[in-house]
Every structure is written in C-alpha cells, then in structure tokens.
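**Student:** Since chain A is already given, all that's left is putting chains B, C and D on it; use the hints.
There are 4 protein chains.
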Amino acid sequence: MKDGKIQTAVVGVSGYAGMELARLLLHHPRLATTPPVFTGRVEDGRDSVPLVSLFPQLADNHGSPELKMEPFTWQILEERGVDMLFLATPHEQSRSWVPQAIERGLRVVDLSGAWRLAETENRAVYKLTDEDPERAAELQMESVYGLPELHRAKIAKARLVANPGCYATSIILALKPLIASGWVNTERGIICDAKSGVSGAGKAPTAKTHFMHAADNLSAYGIFTHRHLGELLEQLELDSDEVIFTPHLLPIPRGILSTIYVSFWEPKTAAEVNRCYHKFFARSPMVRAFGTQVPQLQYSVRTNYCDIGFQLSPNGRRCVIVSCLDNLLKGAAGQAVQNMNLMYGWNEAEGLL
Amino acid sequence: MKDGKIQTAVVGVSGYAGMELARLLLHHPRLATTPPVFTGRVEDGRDSVPLVSLFPQLADNHGSPELKMEPFTWQILEERGVDMLFLATPHEQSRSWVPQAIERGLRVVDLSGAWRLAETENRAVYKLTDEDPERAAELQMESVYGLPELHRAKIAKARLVANPGCYATSIILALKPLIASGWVNTERGIICDAKSGVSGAGKAPTAKTHFMHAADNLSAYGIFTHRHLGELLEQLELDSDEVIFTPHLLPIPRGILSTIYVSFWEPKTAAEVNRCYHKFFARSPMVRAFGTQVPQLQYSVRTNYCDIGFQLSPNGRRCVIVSCLDNLLKGAAGQAVQNMNLMYGWNEAEGLL
Amino acid sequence: MKDGKIQTAVVGVSGYAGMELARLLLHHPRLATTPPVFTGRVEDGRDSVPLVSLFPQLADNHGSPELKMEPFTWQILEERGVDMLFLATPHEQSRSWVPQAIERGLRVVDLSGAWRLAETENRAVYKLTDEDPERAAELQMESVYGLPELHRAKIAKARLVANPGCYATSIILALKPLIASGWVNTERGIICDAKSGVSGAGKAPTAKTHFMHAADNLSAYGIFTHRHLGELLEQLELDSDEVIFTPHLLPIPRGILSTIYVSFWEPKTAAEVNRCYHKFFARSPMVRAFGTQVPQLQYSVRTNYCDIGFQLSPNGRRCVIVSCLDNLLKGAAGQAVQNMNLMYGWNEAEGLL
Amino acid sequence: MKDGKIQTAVVGVSGYAGMELARLLLHHPRLATTPPVFTGRVEDGRDSVPLVSLFPQLADNHGSPELKMEPFTWQILEERGVDMLFLATPHEQSRSWVPQAIERGLRVVDLSGAWRLAETENRAVYKLTDEDPERAAELQMESVYGLPELHRAKIAKARLVANPGCYATSIILALKPLIASGWVNTERGIICDAKSGVSGAGKAPTAKTHFMHAADNLSAYGIFTHRHLGELLEQLELDSDEVIFTPHLLPIPRGILSTIYVSFWEPKTAAEVNRCYHKFFARSPMVRAFGTQVPQLQYSVRTNYCDIGFQLSPNGRRCVIVSCLDNLLKGAAGQAVQNMNLMYGWNEAEGLL
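Protein chains in written order, with my numbering: chain A, 1 to 353; chain B, 1 to 353; chain C, 1 to 353; chain D, 1 to 353.
Check each hint, because a few of them may be wrong.
Pairs count within a copy or across copies, as identical chains cannot be separated in the list.
[Stated by the list, open to error] Below, in silico cross-link-like pairs of lysine to aspartate or glutamate (DMTMM-like), each with a Cα-Cα straight-line distance of 25 Å or less:
no., residue 1, residue 2
1, Lys5, Glu66
2, Lys2, Glu70
3, Lys268, Glu242
4, Lys208, Asp60
5, Lys268, Glu187
6, Lys68, Glu43
7, Lys208, Asp44
8, Lys279, Glu66
9, Lys157, Glu119
10, Lys176, Asp60
11, Lys127, Glu92
12, Lys279, Asp60
13, Lys2, Glu79
14, Lys127, Glu142
In case anyone wonders, no lab produced these hints; they're calculated from the structure.
So that you can see chain A by itself, here it is in the shape it has in the complex (with noise of 0.2 Å):
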C-alpha cells in the first residue's frame, strides 16, 4: 500500500504486453500515485533505465525522468509496499516465481501460460519443471482462469489469476454463450480459423517477425498443435477431436480476428442467437454483442473490448461468428487489468474506456 493505495509491479515490462500494462497502470485512477515499480533486464549492472528509453511513445514533454525499469528483487517490492504483482514474463520464470509471490502475500495477474492449465497433458506443451510439485499442485489448484465474463466471482477472490491467452480469449467469448446453451453439436466439428497481428509473435527479433516475412504475406503456423488449445478444450469442455484452431499470422500491428463455425442441433433464428449472446454478456462490459453485422478489426484495435457478430445459414443450422480483440489489451494487458479490477472490487472497466 501506498498512501492508502494499491501500488503494483510489473516484472517484464519491457515487451509489447509490459508496455501496454504500464501506459494502463499509469493512467489508472485507483492506483498509488508513486508509479509503479517496473523491472526488467538492465544491462552494464546499471540501477535502472529510464522507461522512456524502451518506449519513447511513453515520455511526457519533461521526459518522464520518474518512470524506470529497475532489475527485478522481492526486496525492492517489499520496500515499495507492492500489493499486486504482474508477471510479463516467461512460461518458465512465471511457473517458478509465482509460489514465492503468493507466499510473500502479493496478489498476482500472471500473463503467461504457465498456471492457465489444469490437465497436465494439456500443460505438457510449456515443458514446465516444478521445484515444489506438491506445492505446485496446490497453486495450480487455486488459481483463476482470468477471464472475467466467465469466472468474474472467482477472479475477484483469487490471490493467482492466470490471465488467458490472447487467441483463447477471442475464441472462447465467442463459443461460451452457445456451447452453454447446448446447441452446439460439437461431434460434427467446431472450426476456428483465427488471424494475428505481428505483435502476438513477441518483440524478439527472428526471422517470422522480419518485416520482410510478415507484410504483404499472410501463413498459418503452429495447426492443430498451437498452445492456446489446451484452453479451449478446458473453458469450453470440449474433446479435442471436436475443436480444430489454426492460427494465421497477419500483415498488421495488433488484433486478432477469429472466423469460428459450428453446427447446431436443431434450427435457430438470428434473433434467438442474439438473444443469447446479449443475455451471456449482459453484465460484461468489456464485450460488444453486435448481433448479425459482423465487427471488423479496427473497431477493437486500442480498446479493451472483444466484439463479437455472428451470421446464420439460410436453413439456421450452420452458424459463422466472428469474434475481434486487441491482442494486447482484452488479449493480455487490459483484460490483466481487468482481472486487478475484479480482485480489489473496483469497477470492472476502471482504466480501460
């Protein structure tokens, strides 16, 4: 606490996620005003970095000399009065930090893969290696699948919320309200054919994120074996002979647009589709329901919102929904704000319109 206030960390702040949570916690109303504590690789055993000079977008017009990136110590967060902790970080360091975090009393938003999973076959594909297995367990045991829309109630009890990823989230808004409502005939097939912006590919520089690779190209990778999947299969209980999801790498910065079709059991009107998705969402504000005018990316480029649209067959058995997000905000660092939101009960979409 600081001044009566939450303070927050972020570890990892210097990819495209930890960049956008910093410009969001910045700009937060119920936070501490100190800034947060941002850490990350500093380079020469210097102290920190100034912030600005990873990202110069984030500079006021005196330079922003008090935002820094600091290398990461527990002991830095317990002097600054850290509450809540925000891992941008690595599968691998975020399954190994967590346990410790949660024992030193934070409350964590991890952004990474690492406690998303409960099945340990469908975790198999991070290769993770617990120090604590038992332990481990037991933490994977409690923590939240962040996804508000579903587990809202949970979230706002958790100390470890894993926050989903980005192609998940897309596609699991956008079955959830018809899987729940049993009219989906998932033996016949459900196919997702989702599209990403380059950001999704991650700020290292290789040879998938060489300008020359990604614009005016379109490819699809990582089919039928892409990580989102164990996701899924788990938020919406789904078999994975049901469910094929391949990913596409797009020409542009951020979004995700996910063309996703299923069957239904039995006929159904536009209007009662609708119906469905409004009543699903009615108390979500952080998703647009827009019926059967199907959303496009750049209505939800830069906010927080996942926009979802649907258009049925002539015959109302066969449904195509389309479902829109910004990789970085409802698919990482605004929903991981929105998770925080929950967890202190302040308004869900505090910091993010």
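**Tutor:** Just chains B, C and D, lined up with the frame of chain A:
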C-alpha cells in the same frame, strides 16, 4: 491473324486484371509482334489514350508510345485481324457481348462471372438478362469452365472459355483431388475460410477500398452469400448445405490464401494425401503441391502458381488444406493466358514463368 | 452552458478529424455531461443517425445510443446551449458560416483553411468568396492562428481561432525557435521535406486514397503549390523564395514526419541548438524536444505531441531537423481541443494526455 | 565456359540481393543452360541445401531440385567453368576475396561497398584491412564504379566492377545530368532526402527490421554519416560541405524514392531541364526520364528502371528532382546483371525487361 501469328484483344484493359493481361500478352512469345488491341473507356472523344498514362509501370525508356487504349468497336477487331478476345468487362457486358463475338468467329476468354455457371439458380446472383435467351442457353451449354487442371481437353477445343473466379480457383484446386478420390465426408461439412488482398475488390475507389478502411484491418464479408459459391457447388458437385465459404479482406495488395477444413470417411496418412495431390496434378505445370509444408501467400504472389499444402489431425480424420495464389494471375489474367495457350495447342505455361 | 458547464458542437463530425474530435470531447473532463452536439449530412430525411453507425469503434457495450449525428441547424445549437463550435467543414463552408456563428455569440475553432491566412494573395489558393467582404475582412483581422506554442495569449481571448494545417504545424514548430533566434540564413533556402499518412487526404474514396495506390508506394505531390505553404510564410515571416515545401503520401494511416534543412549564419553546437528548443518550448506541454535523438513517427502517433529532434553537420553550419506529429491530433482535432482549453482558461493539455 | 556459353556464380545467394540475382540469372538468355553456381553458408556439414528451401517462390512445380546452394570453394568454381563471379558478400569478405578471384582469371561484379570508393578517407567508413595493401591499391585503381549510365565504356573492359550502392544510384543518376551541365550552384548546397523500403536493411532479424518497428512508422537514420555519402562525393565531384544526404526507413518491402533539391546559377525552363535529362540518358535503356510528371515508387518497383522527374520553382532557380528505383534491382542485383551484360558486349538490358 497478323504475320501468321495470333492477334489478341483485351476489352476493359483499364482494370487490374486488364493491366496484368496487357503485361502478359506483351511478353508472350507466340503472339503477333504488333501489340494486342487494348480497348476501354476513352474520355473526351479522343481516338485513344497512351496505355502508359494508365499504367506508367508498363513504359519503356521511350515511353512506349505504341501502346494505346482505344474505344471498343467490332470494326477495329476486324481491321487488326484479331483472333482471340479477352473480356475483362462487367458481368452484364460480357453476357451481352459474347454472343456477338462468337458469331464473328472470335474465340473468347471471358474473365467475368457471366458464363461460369451452368445452373440458372446459381447464375441468379449476377442478375443477368439475355436479349436472346435461347441463343444464350446454347452458348452457356457450350461454354467451358476455364480451370485447366480440371477441363484441359475441353478448353483446347472451346470457342468460349469462362475464366474462373479467383476465390473459386484457390478452393476448387485444393479440394478436387480429395473429393474426386471419394475420401471426403461432405455431410460433415466443408469449411472454406478465404482471405484476399484488396485488388480483388476492384479499381473503383469505394469506402471498402479506401486505404484507411483496408489498412491495419481484417474483415469478413459476403458470408453465405458470395457469388463464387456457385462455382464451388458446380465444379465440386456439392450441395449448398455441404460447404461454407467465408471471404475476408486482407490489408495487402494481392494474393489469396484459403484455409480449408475437411473430414475423411476413413483415416488417411500424410503420405496418402500427398500422393493424391501429386497424382492429380502430375501434368499440371501451374500447381505446386507442397505436401505437409503449408505454403505462405508470398510464395505465389506475382506468379501464376497455385500452391497447395496440408496438415492432418493426429487421428488422420481431419485435414486442413492451405491454398495460395495471386488473385490477378492464377486467379484472373494468368489463368486467362493459360487458357489461351491450351486453346491454341501451345505449352500450357507459355509466357507464364 | 449546460449544468454550469461548457457545451460544444462539432459540425462535420463524419470525417476523420471530426471523429477524433468526437472521441476527445466525449472524454474531456471539463465539458457538460450531455454529449456534444454532433452534426453532419444525414440522408433520407431522418432526424439523426447513430454516431456509432459511422464509427463503430466509439460504441460502448450498449451501443452508445445517446451518441447521434444530426442535421445542422442554428436552432439546435441554441436549444442545446452550445457555447463552443468546432467546424470540421470544407473551406468554403467555414468561410461562409463563421460570421453567423460569431454573430450568434459562439466561440469558434475552425479546422479548415478558410481563416488561417492574413494575406489575400496567400488565401487565393482556397478560392473563397465572401458575401460581406467588409465583415469578412474584419473577422479575418480578428482571427487568431491557433498554434498555442506561438499565440497562447491571443488564443485565450479569441472568438475565432483558425486551427493550423497539419503539415504547417509540424514545420512551424520545428523552425520557429531557430528562426526567432536569428540564427537561420534564410537566403540559403529552407527545405521542408514532409511525409504524411493517408488520413491527411481525407475520407472521400478517390484514386489517390485507394489502397492499391497508397500501399507499397510513396509519392510526392503539390511541389511548390501546396496550400499549407502560405501558413509557413506568414507564421515564419519568410519570403516564398526562401522556403521549399514538398509533401509526400506515406503508406500508413496517420502521422506526419517532416525533415527540415536549414543553414546557420554562424556555427552552432548541439548544446546551443538543444537549449534553443528547450527554452522556446519550456512552457509548452504538447511539444517534446528530443535533442539530437531524432524522433520516429511511431512515438507521436495517437498522441497530441509534436516531437522535435535535430542533427548538426560536423561544421555546425547545417542543421537537419526532424519533426513528428499525428496529423489528426496535434495536426487537427487535438490542437483544436488544446485551443479550446486555452480559450476557457483550462490547463492547455486537459483531456489530451 | 559451359557449352560455349558464359557460366556464372553467386557468392552469398541467401540474402535479398542474392535471391534477386539468382532469379535474374536463371532467366538470362545468354547464360549457360546449367544453373549458375550458388554458394552460401550451409549448416550441418551438408554438401548443399535446395535453393528453394530458402526461397520457395523460386520453385517450379517439381520443386526445382537442380537448384542448390553449396558451400563456397574456389575448386567448385573451377570445376564448373565459372567465368563471371557475383559477390553478394559482406564488405570485408569482398575486400579479401576479390584479389584471389581476379588472380584466378575471373571477372567480378562485387555488390558490397568494398571497392566502390577511390579515396582512402571515404573508404574509412567500412573499416577494411588489406592483407596485401599494395595489390589492393592497384586493384582499387583498376576497379570501375558500376553505374552503366556514367561508365559504360570502362565497364565493358573491366575485370572488377564495384556495383553501386542503392541510395547512391538513385541520387547520382538524378544529379549527374544537371551537375555535368554546369547549371548547379553547389555552394548553395544540395539536399538529398531519400526513403528506402526495409529490404535495404538486410535479411538479418534486428530491432530495426522487426515488423513492429518498421510498420506504420517512418524514421530518419544515419544523418550526415551514411556510408553511401562517399559515392555521391566521388561520382558527382562534390565537396562534403555541398551535399546533405538523409536516408529514411519506409514501411514497405522494397523501393527507394529520393527527393533532391538543387539551386541553379541561372534560371532554367522546364523544357531545358527536360532536354538535359533526355540528352544525357538518350542511350540508357534503364532510365526513364519523366519530365515534370514526378514518378511514384510503385512505377519502378520490381523493374530495373530508374525513374526521374522534376519540378521547377516559379522563378526557375530551384529544382526539386524525384528519383525512384527498386533497391534490389537497379539498386543491386539488376544493376549487377546490367554490368555483366556490358562486360560481355551484350545488349545492356538483356534479361532485365
């Protein structure tokens, strides 16, 4: 004929497909050395406009004054000894002009949708009216769907070739080998999730083709209603309940990538699927079968190739096919030239490599 | 006034600057809680259209039905208690409407070019005609060029503020400190090589704004003739022989980067130049002086900052200045709000950070 | 020699210029029918890798197994009868290998910067060291700057051609005609504001070539320090005080547009300037003089043309020249082939149209 060589004409040269056609015909080794007759709307009552005023990229260092776009008349075609007519015209115009062209002894490749569809109900989306319905019906019967990989022999003898739609080409080539093998359980539904660059939307400036709408965006459109659906149904002999086709607008100038989902009656191995494609396309120089390495859009853009790769689900019952081509080449002008090559008994890939 | 708070109206909300203005005004903390009056061309004789039908990105999860675009009438402004009018209208319309608005006691920020230029010969490029030339001449005298960094005090008292051109803002802010210091040898000529994103070309679909023209391209236009030249001459007190301004169209949605070349009478050090900028902008919250680290376009896009950096030649006699801003914010809507803030005595950056 | 025809080799085929060179040589009508020898770094001790594993777009429908990239040895060149060597290698490597290649009787076009600069001080930016400085100095004297439009006759007889830099080509071709005419007042300073696509930054994934940095951005770099400056000084016989060259990174894959500003001693008419260009380039098939219609980047991308247009100030004393080319073709691989054509007495544009 001109100097014992075939003379061609392009009607509607001012569009994107027209320009690519002009480029290809100007470099084609089997055609008359006199440039093709290029026609289009010329304003101000002028006799012609320099073609390079429309497409400066086509000029040589002397400004290529010999390349002209002239107003269309049947007389010009006669005077210049035109044998082979390419129509890059609106659907209605193609429907109306083709009978006259055939009557005058011309061979025709029509790039519009006017003559592609045998079934009246499929053709209804184009809202065509025929001055002489009986004659039109005869010609429709005679018209050959210009997909060389399916109808090579018929094209060779055709007077009227209906050049396929760009989306249709990418999807039909990907599906035909598997469907023809009898492997595909069409009852489970085939999903075609296709993405196209902006040139597919035409040269007219519209809200949809505005840079601000197309850039940094992705949008689905024409779900369940796109006009190329009829081509899929007829060429793949599918029922409309068996296939969903969803086009999307990509923020790139050219190229189509289709991601296609099928279920097999019986499990298949990757080797079997690979053999199926290689066998089907063994004599097709313009298809590249990629096996289980899925192609990216960049590989085929600015070529006349259709690239096809696939991935199988672990149980061998689901198959994801990725098909890529350049919508202006294999999806339009290049395929038109490929059809001309077949019509005159030349090497199918002449002038296209 | 509305509830003791200022009420605003935007005429011409349907364009890009209008949309940004709407977004900024809706979140501005000093304005009436009733939404501003948004007006624009409404078809079909309807009373209004939902604003979110034009800009779906502005909707909240209930579809923001309270946001409407209505046909303009003076009466609506009166009924709603409008104090402050933003004109995002064509030049001719602004020229014609401003006198009426002033007469009715409104304060006006005009985003067009109609009132920016004091010299008749400079204004000639807009081909404006005045119904009451005498009254227009008076108002022109009274009109304040709305660049806060130069005319803060006058803006505070103004009834009519002429919001500067986007290119002009980026160039004048970069040059004014050096020219005002008397350092610049204007006889040697000042070169302004400016590059703008496509939103600067407006929302109307044209050959120039077609994705196929703008994407993967760069083009110079309006060399020696661009309309913003007059603003440079008047605000920098230059002769037309002393400055060349060349705009280019960049393949990006938004942002202007100007590269500016000046010669100094006497050699200067980087420290001197740096001090000059910092001193000039010491009280300007919306300019970030970067020193010898030149800014990139990305840093200021989607902010209201103008970023300015420079590099000196080894002999200290030549200076290359790089100036960046978002053409829709600091180059249009953001600057308009900044002007409103000054007009009402609020913090200049209110609602803009 | 191979079958009485010239045999070529490319060292460093795996980069962007290497790939374009491969594509051009494979289609060149004057070369041996056996493919060129392509060499580059091959991992894992393998004998070769399929060239199409690097560049899938180069494959034919059989996968082009005859195209291989092999590890470089002098012996391979000898065995395959290589006459003509293209070095698409780092500067240091080119500096070191060229003497050996010349000794072995090969003719060389070097695409690096190693042999372009006659003046030791200009060459210093490359930090080259010579094993045999005397021999290197001799070769440097013998080396011909490979800009055909300036040095056609010397190139024809050269053993060693130093292929120009991409920026340098675009600027020198634009300025040489005017400077050679004695019209340009160089004391007033020449400004070269150049903008390049990302392929100019090379294939290595770096922070600068990351899609997220390059897309939706524009940035100036290397102001007063870019390595191509020396080429401008030497080829245009300018003093470093007389020219400023500012490169920028454009958010497009390929192409350079240079906007160049000069002052004339005496006023000139557009007709005079136009004649000057047409006369200078009368026998240059790869330059298109556009007169007062300034070229756009798109016109020359994917061609080997350099397009040059200009605009004069009203008083005829200032001239803005716009010069466009494809940095990988006229700026690298295409120009290398053009040089080869001259070296063997073929038509200069052979294989380039």
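**Student:** One pair to classify: Lys2 and Glu79, alpha carbons no more than 25 Å apart. Within, between, both, or neither?
**Tutor:** Answer is within; shortest intra-copy Cα gap is 10 Å, inter-copy 48 Å.
**Student:** Should Lys157 paired with Glu119 be assigned to within, between, both, or neither, using CA atoms and 25 Å as the limit?
**Tutor:** within (22 Å within a copy, 62 Å between copies)
**Student:** Treating 25 Å as the Cα threshold, decide for Lys208 and Asp60: within, between, both or neither.
**Tutor:** between (33 Å within a copy, 24 Å between copies)
**Student:** Regarding Lys2 and Glu70, is the shortest C-alpha distance of 25 Å or less found within a copy, between copies, in both, or in neither?
**Tutor:** Answer is within: at 19 Å inside a copy they meet the 25 Å cutoff, but 48 Å across does not.
**Student:** Under a CA distance limit of 25 Å, which applies to Lys127 and Glu92: within one copy, between copies, both, or neither?
**Tutor:** The answer is within: 8 Å in one copy meets 25 Å, while 43 Å across copies does not.
**Student:** What label fits Lys68 with Glu43 when the C-alpha limit is 25 Å: within, between, both, or neither?
**Tutor:** within (14 Å within a copy, 42 Å between copies)
**Student:** 25 Å Cα cut-off: does Lys268 pair with Glu187 within a copy, between copies, both or neither?
**Tutor:** For Lys268 and Glu187, both the intra-copy (18 Å) and inter-copy (19 Å) Cα distances are at most 25 Å.
**Student:** Which holds for Lys279 with Asp60 at a C-alpha limit of 25 Å: within a copy, between copies, both or neither?
**Tutor:** Close across copies (16 Å), not inside one copy (43 Å); limit 25 Å.
**Student:** As a check of your reading, is Lys279 near Glu66 (CA-CA no more than 25 Å) within one copy, between copies, both or neither?
**Tutor:** between (45 Å within a copy, 21 Å between copies)
**Student:** Between copies, within a copy, both or neither: which fits Lys208 and Asp44 at Cα up to 25 Å?
**Tutor:** between (29 Å within a copy, 22 Å between copies)
**Student:** From the Cα coordinates, with 25 Å as the cut-off, is the pair Lys127 and Glu142 best called within, between, both, or neither?
**Tutor:** Within one copy, since 21 Å is at most 25 Å while 60 Å is not.
**Student:** Between Lys268 and Glu242, at a C-alpha cutoff of 25 Å, which is it: within one copy, between copies, both, or neither?
**Tutor:** Cα proximity of Lys268 and Glu242: in one copy and across copies (21 Å, 18 Å).
The structure agrees with every numbered hint stated previously.
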